[in-house]
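Protein chains: 2
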Amino acid sequence: MTQILNFFAETANYTLCSFERAPRICNYSFRCTVMQMCLDVTELKSACVCFQEEPGPGPGGGLCFADGRRRVDYVLVYHCKRRQSQHRHSVVSNGNVPSQSPTPSRRSTKGDILEAVLEAGLAMEPANELQDKIREEFERGLQEEGLEIEHDKEMRTVRFTRLHVPWSILSREAELLKIRVPTKKTYQLKEKTGLMGVISSFWMKINQPFQPGVPEPQDPRIRVLSQPFSRDKLHLFDIKSKNNFFSNATRGRIAYEILRRTACTQTCQTMGISSLLAKGVYDSAFPLHDVSFAFQIHKGSVSCLSVFKRKYFGEKIGLYFAWLGVYTQLLIPASALGVAVFLYGCFTVDTNVPSQEMCDERLNFTMCPLCDRVCDYWQLSSICSTARTSYLFDNHATVGFAIFMSLWAAVFLEHWKRRQRCLQHSWDLTGMEDDEVRKNELRPAYEDFLLKKQEKKAKNKKKEELASESLSWTDRLPGYCINISSILLMVGVTFSAVSGVILYRIIVFAVMSMNPDHEAKANVRVTVTTTAVIINLLVVLVLDEIYGAIAAWITELEIPKTESTFEEHVILKAFLLKSMNAFAPVFYVAFFKGRFAGRPGDYVYVFKDFRMEECSPGGCLIEVCIQLGIIMLGKQLIQNNVFEIAIPKLKKMYRTYKEEKDGSADDEDKDSKREPQRWDLDYDLEPYEGLSPEYMEMVIQYGFVTLFVASFPLAPVFALLNNVIEIRLDAAKFVTEIRRPDAVSAKEIGIWYNILSGISKFAVITNAFVISFTSEFIPRMVYQYLYSETGTMHGYTNHTLAYFNTSNFKPGTAPHDTDFDRQLRICRYKDYRDPPWSLESYQLSKQYWSVLAARLAFVIFFQNLAMFLSMLVAWLIPDVPRSLKEQLKREKALLMDLLLTEEADKQCTQSHILTEYGPKCFAVHTICNSASGTFIS
Amino acid sequence: MTQILNFFAETANYTLCSFERAPRICNYSFRCTVMQMCLDVTELKSACVCFQEEPGPGPGGGLCFADGRRRVDYVLVYHCKRRQSQHRHSVVSNGNVPSQSPTPSRRSTKGDILEAVLEAGLAMEPANELQDKIREEFERGLQEEGLEIEHDKEMRTVRFTRLHVPWSILSREAELLKIRVPTKKTYQLKEKTGLMGVISSFWMKINQPFQPGVPEPQDPRIRVLSQPFSRDKLHLFDIKSKNNFFSNATRGRIAYEILRRTACTQTCQTMGISSLLAKGVYDSAFPLHDVSFAFQIHKGSVSCLSVFKRKYFGEKIGLYFAWLGVYTQLLIPASALGVAVFLYGCFTVDTNVPSQEMCDERLNFTMCPLCDRVCDYWQLSSICSTARTSYLFDNHATVGFAIFMSLWAAVFLEHWKRRQRCLQHSWDLTGMEDDEVRKNELRPAYEDFLLKKQEKKAKNKKKEELASESLSWTDRLPGYCINISSILLMVGVTFSAVSGVILYRIIVFAVMSMNPDHEAKANVRVTVTTTAVIINLLVVLVLDEIYGAIAAWITELEIPKTESTFEEHVILKAFLLKSMNAFAPVFYVAFFKGRFAGRPGDYVYVFKDFRMEECSPGGCLIEVCIQLGIIMLGKQLIQNNVFEIAIPKLKKMYRTYKEEKDGSADDEDKDSKREPQRWDLDYDLEPYEGLSPEYMEMVIQYGFVTLFVASFPLAPVFALLNNVIEIRLDAAKFVTEIRRPDAVSAKEIGIWYNILSGISKFAVITNAFVISFTSEFIPRMVYQYLYSETGTMHGYTNHTLAYFNTSNFKPGTAPHDTDFDRQLRICRYKDYRDPPWSLESYQLSKQYWSVLAARLAFVIFFQNLAMFLSMLVAWLIPDVPRSLKEQLKREKALLMDLLLTEEADKQCTQSHILTEYGPKCFAVHTICNSASGTFIS
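For the protein sequence lines, the chains are A and B, in the order given. Heads up, the first sequence is in UniProt numbering, so the first residue is 1 and it goes up one at a time. Heads up, the second sequence is in UniProt numbering, so the first residue is 1 and it goes up one at a time.
Bound-form chain A, shown alone:
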């Protein structure tokens, strides 16, 4: 196991290091790693920050200001447009210099739509100068807030403004933001004893292979007490060096907080960096990668390293990796059981009576032809192999597995809640509210729309007042209309695509069946199915990309107020469209295919000539299985390999090629060419696009794993294999392919949890229907316990086949020529209908209704059982682990102790001062007053 996983890890690493620019990082970080083998977080932080031992401008060394002491906490990038003044138009229209910015930031791309609106509000004339002025005012504002700023000395096209947050500002903001930091006080966790101890150590051992290369911290049972930072209580905190006390992510967060609230009132009426980015005043704004730290992240794996990822990327991305880790870990038992169910099918196929009967040539069932005129009657025993294959996926164990998977989903969700709760605690997020500020930040597009609306009423309204205003219903109406109609259109497109493939199958099948060649005829079904599934897959892949873009576009039209609303709406729409797209073909095969085909003598036709398709004679389940397997595997392989690896590579190759071509024109820049600094390298990377695509991929996969698990028990295995690679690719992508994202704190994975829980609930229903309607489980049970005379399955096949009198064929639909007896009076077909000789010939028989009732009863039983068990699981697994509860209680008591001790100390000190300085010391007065209670105002 370990070996396999290590192999994956190495593959991922190899892939990374073979990237164009990656070797540089790998080498450097390797050097850095050798320098300090200890992974202890604090040391890592302090060792790799501002290398006083090698202050030269080495690759990646550019993490500091020129003085080599102050670290760069944030970088703002803009283009100096002096050369472009002759073609100003292109500048104004999108705020970017096309030829110079190979990677326009997402924000400025989005801003394009609004440029016209924006620029209208500003003085049109000297756009460059105006932007320079805005920048100047903004940076002055930053300096007033206390930030330290460094500019490039050389005059290049792409310019960087580097920001450093000094200690005084850090500590003030940390106090205001109530950031929790470790205190000096540590305590020891109780060792688990008894059964729990054995289990937990066993779990640790199992987890080992997923955590390669992570040295144990000195003593995992020693925990550090943490408390919201307060400048009054500096002595409580474990401050080794003021430079490294706050993590990089926190420094970035504080820098962003100041960037967010710095207003720009004279040159333009706006506030915050996001508006400026939208206006094109800045191209991009990001914190810097920290190479040594970054390498540790992509070397590490699965869940345990989420702690490091969090330190580096902030809680939001850390949570994603932690979630992915939990999901992948829990896929292991599901995969194991899935394989076991499959193997059970393999081992018992020979003792299965129905498939034996299907293969028994002596029983001699002559079946009605599969198409009109050109098809012949056929022997049931000819589809023996399909029947046997079908049994592999459609046996008793599958039902148990489906129930297990419902429970699994519940356990997964509950386990994740617990894990999330633990992470909240160990990441010091307890008691802290979500990053409300960032969540509630108004979107520039919204602001501008509002501004435009306000302008008609009164000019020069303050930002504060703006925030309390909101768009009315009528402002949003057009957006909503477009939204609803686009979604309906997209739904229509999806269904058309599915129907198109169905028609393709029906028509091609009919046409190919007319082929007189016997050899070709035999392969018709295989050919048609294969081509159809591949077409399906391609349609799914193409529409997937389109839907992602459309969801973002139509949400933009809705003018959502805040970034978080925007994100949520995009996610919901994208999920709706993408999941429908991915699952619609499977749904069709599972629940609709073959249900409307009619019966011999009364078939249903499309376009008057083509018979509706039926399931293959082996049953619908095996078709679902094939459809699901190919779409799921194909989607994963193609999206992982082509979209996530090949396309970025191609993009980069194209960019290099273009740069080389443009090189001759770029002499000026070449002159000032120097060793690239960290910020140059980072600016070359792709901008961070959010976590949504990563989550979406996983959530759709989760859908494949749970929704149809009753028909394809191997789904978890494939998902597991995919994720083991995915988790490494994602980590690598985040550190080597994209700019460092802002560290956003988040307590929860938000809407994704709701989506997962929705999928899990829906999965119970789909699985219930798959088992009772798609699989043969219920008819078999009903036969065995209601109709079988011996109580065994013998005679089942005969019972499921209805009789048809060949003289009842509609004129011209009977087979033209046949290998069978020309006088054949009776052929069989799969349905529960009364025989031709009964009173109500060809009507649905009593058996049909009893089987239907049993199927429906099973749906009710299964659904309620699974729901009840899920609720039981959710109730039995407490959201907060007992150990964490104990720990919290302990910490609370310790903190109380600490505060009370401090209280007593303070009182003494203060009364001391009081006596010394008398009534003059008025600031202290108030404090003593409240503490000792001796002075009452």
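Certain hints may be false.
Treat identical chains as interchangeable: a pair holds within one or across any two.
Derived lysine-lysine pairs resembling BS3-like cross-links, with alpha carbons at most 30 Å apart [to be verified]:
# : residue 1 : residue 2
1 : Lys885    : Lys178
2 : Lys635    : Lys652
3 : Lys178    : Lys417
4 : Lys885    : Lys747
In case anyone wonders, no lab produced these hints; they're calculated from the structure.
Take the given structure of chain A and dock chain B to it, following the hints.
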């Protein structure tokens, strides 16, 4: 409407004031109310606290220490046992003096079991002296903590220790407990405009009748900003008078906090008042009622006054009343629709074809006899009236109403979540954790068990260490075993009771049918049903009380660790047992009655002679309706009137009688008789027993309202009427009948929410089954759309009746003598079976299976539709109202402003001090250091 409600309010008041001791309070509070008509909370608080204008020991005036200035925040009560030394045994064995304490506190009653254990660990000899010493040490501890104590001057049997919390302690604890208090800063809420404004003002108007006598605050749109209390920031808070800054409830809470953590190490190794209560050192501990305030509460009503209730009782009880208010308000639309559905039934009964057909004598259906031998055949038209009544509850509208009620339940839960969130905000609980301290407090029983266990290992372990230890699995095993077996036993008892009533019905029916008197015979069914339902009701009521006691008892044996665990476990068990008890008879009638009766010629017999009972010929639904109506109404009326009013009254009468009888022996006390102080009066009240009984009653009612609403649409109306009274009775009970409970802060109603949500989910299932299996809705639909030749309901009655050949009666079961033709060959019975002349005579027919399939399909459809709609409702209604979100954002911004301004001020002040006092001022040094960043240590 207003008049009706006022009438209820008056009734409730009348009931209260007619109570023995109540007039005193009513009169006094009336005086108080006249004194200050303004209900404004702050004024109320300050006006009625420590009446400096009438400091004499008037009734209820005893809210202060003897100096008339310091208010009594908490009272500890104990018995002085000097007289009882001769019969010390009774003292030791339960810590109470039986003859002297008519109302032993709950805690000491519980303590009884443990007395033996406890006393074993203490010096056995002079129990009284030991207790005196413990008290002495404990009270010394309290004084060291800063509390001020007053004892009685006279030496009486019942002694009171009164505690006052001075400002210095209040402020210290408030800071440590992070209690949020109002600041001076206020802000104005935005007025709602447009549609929302109209709706909200309309809602206000509707709510008016539920809020009688509540004067509007000056401007409802002005809100006060609140912040956790901090002694460093006293200038920020709106402190008018230090005596009244913290509400009574908060003062009580702080007093309790100190009582909880004060240890007693020398005389006994224990900590906190709850242990001492369990040991019998103190009899009781409670805060004092505040009469004027209390009267306002029971005068007010429904939900709006929950604010006052919260101020007075703390958040936990405030939440209960708020919840009850929301529930009652939301019952109004449900009741209205329920009545509408019933009326729809009344108006359309004449146009209903099936009931017309049943009443049509021309159709002449001769039905098979209802009992063997003695019963005759009968005409279907004879049950015309039952059929018509049945239709009132079983029509199309009922189905719609059932779906509506599922949605209603979802809306109720969501609306409550929002309301709770709003209350959290307006009660300043946002960001505050639940009262963890109180929740995690160890139960004395648990502690003692642990102590006993530890004693074997090592003596004199510290309390701290104890807390981290826990009971092992084996310690709890006996408790769990008893638990499980008792629960199983109780379940058995419930089912036996139900079966007993069934047997009673079967046997009495059979016996009475043999009565030759025709008159009596006609009334058999009515008599049997009535008596059976009344027996059922009595059984339910009796078992309800028993189960409550048993749940508490078996949970005690489980030795739960904390009070909250205990409470939760008791609630779960009591709910399980009580709901089963209340609903089992209804379930039986709805889903089982008549299903196992067999068919003519093949009936099922119990005890060989008695035929299993069938539903009345009008259908099962009407029986469900009767059963439900009687149990629900009976339970409410009897529990409300008898148990909540009559029994306490009887108790009090008995006590008075006993006191008078014992009076002669009590000369000593009589000598020292003086005007009773507030604490004397309060001690005479019943101890507070927790909110569980109140919640339980309402939750069971909620079950009646939702679970079978498809069969009894009038349930919400009855619930509404009950609640309008209940809400007043409860409020009155809390202020006049029981001692003032400790103010416990709670953010949520806890486990009750889960129970409610569980009931709502279960209700969807039961309603689905009631509609499809108990009502005739599905057979009618199936007939109309599948079998009816005209597409109308004509012929439906004939279709539902199967044929029976009278010659197939088992020997001796045919009617002995009959008014009908002796040659009658065919009688009819209600079932879907093949006729005697078919091949499979008396087998379930194809119709049966198709109707069954339709019933099951409807269950699936209804369940999933209701679940989906509920989820949609839950998703559409955001947990946090938009207005609250805006408000929170606004407050956050204001707070940030406030802090930043203060920041700037502080910096100036401090630099001023620094220059003045130089390096000597070392305490200030640290602060300046962090603020200005100029000194780096």
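**Q.** Hint check, failures only
**A.** No hint contradicted; all consistent.
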